[in-house]
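Start from the sequences and build out the full structure, keeping to the hints where you can.
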Amino acid sequence: MTTDTASTRTWSSWRDEFPSLAHTVYMNSNSLGPMPRGVRNELAEFADQWENRGVRAWLDDGGWWWWPV
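Residues 0 to 68 (numbering that gives the first Met the number 0) are what the sequence shown spells out, left to right.
Honestly, the hints are just simulated from the structure, not real lab data.
For every residue, glycine included, the Cβ atom is placed at its ideal position computed from N, Cα and C.
Among the hints, erroneous ones may be present.
As the list claims (entries may be wrong) - Listed next, with one range per pair, are the computed distances between beta-carbon atoms:
| id | residue 1 | residue 2 | range |
| --- | --- | --- | --- |
| 1 | G37 | T9 | 10 to 20 angstroms |
| 2 | G53 | T7 | 37 to 47 angstroms |
| 3 | P18 | F45 | 13 to 23 angstroms |
| 4 | T23 | L58 | 38 to 48 angstroms |
| 5 | R14 | L42 | 20 to 30 angstroms |
| 6 | V24 | N51 | 34 to 44 angstroms |
| 7 | N51 | T9 | 36 to 46 angstroms |
| 8 | W63 | P33 | 22 to 32 angstroms |
| 9 | E41 | R8 | 30 to 40 angstroms |
| 10 | L58 | W10 | 17 to 27 angstroms |
| 11 | L20 | E41 | 16 to 26 angstroms |
| 12 | Q48 | P18 | 20 to 30 angstroms |
| 13 | R52 | L20 | 29 to 39 angstroms |
And the structure:
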């Protein structure tokens, strides 16, 4: 059994997590970096909660306001 932890992963395996890097060398240093593969699903979940719960998504127990920083 192998473990896939941050301490054992190679740079190339991390690069695979960013689809745009398959065809791009990214040298921009602003806040809009390449999007990791797993972010799309998280953004969709965030949008679904916002759409269905409105402001309650922020304030209800366990809502975004209570997420750790």
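Going down the list of hints, with the structure as the test:
1. One distance hint, 10 to 20 angstroms for the beta-carbon pair G37 and T9, holds here, with the actual separation near 18 angstroms.
2. Our hint of 37 to 47 angstroms for G53 and T7 holds, since their Cβ atoms are close to 43 angstroms apart.
3. Taking the beta carbon of each, P18 and F45 are about 20 angstroms apart, inside 13 to 23 angstroms as hinted.
4. For T23 and L58, the hinted distance range of 38 to 48 angstroms is satisfied, since their beta carbons lie about 39 angstroms from each other.
5. R14 and L42 have their C-beta atoms about 21 angstroms apart, which keeps the hinted 20 to 30 angstroms range intact.
6. As the Cβ distance of V24 to N51 is approximately 40 angstroms, the hint placing it in 34 to 44 angstroms holds.
7. Distance hint for N51 and T9: a CB-CB separation of about 40 angstroms, consistent with the stated range 36 to 46 angstroms.
8. A hinted range of 22 to 32 angstroms holds for the C-beta pair W63 and P33, which are about 24 angstroms apart.
9. Restraint check, E41 to R8: a C-beta distance of roughly 20 angstroms breaks the suggested window 30 to 40 angstroms.
10. Between L58 and W10 the beta carbon distance is about 41 angstroms. The supplied range of 17 to 27 angstroms is therefore violated.
11. Distance hint for L20 and E41: a CB-CB separation of about 19 angstroms, consistent with the stated range 16 to 26 angstroms.
12. Roughly 25 angstroms separates the CB atoms of Q48 and P18, a value that falls within the hinted 20 to 30 angstroms.
13. For R52 paired with L20, a C-beta distance near 34 angstroms keeps the hint of 29 to 39 angstroms intact.
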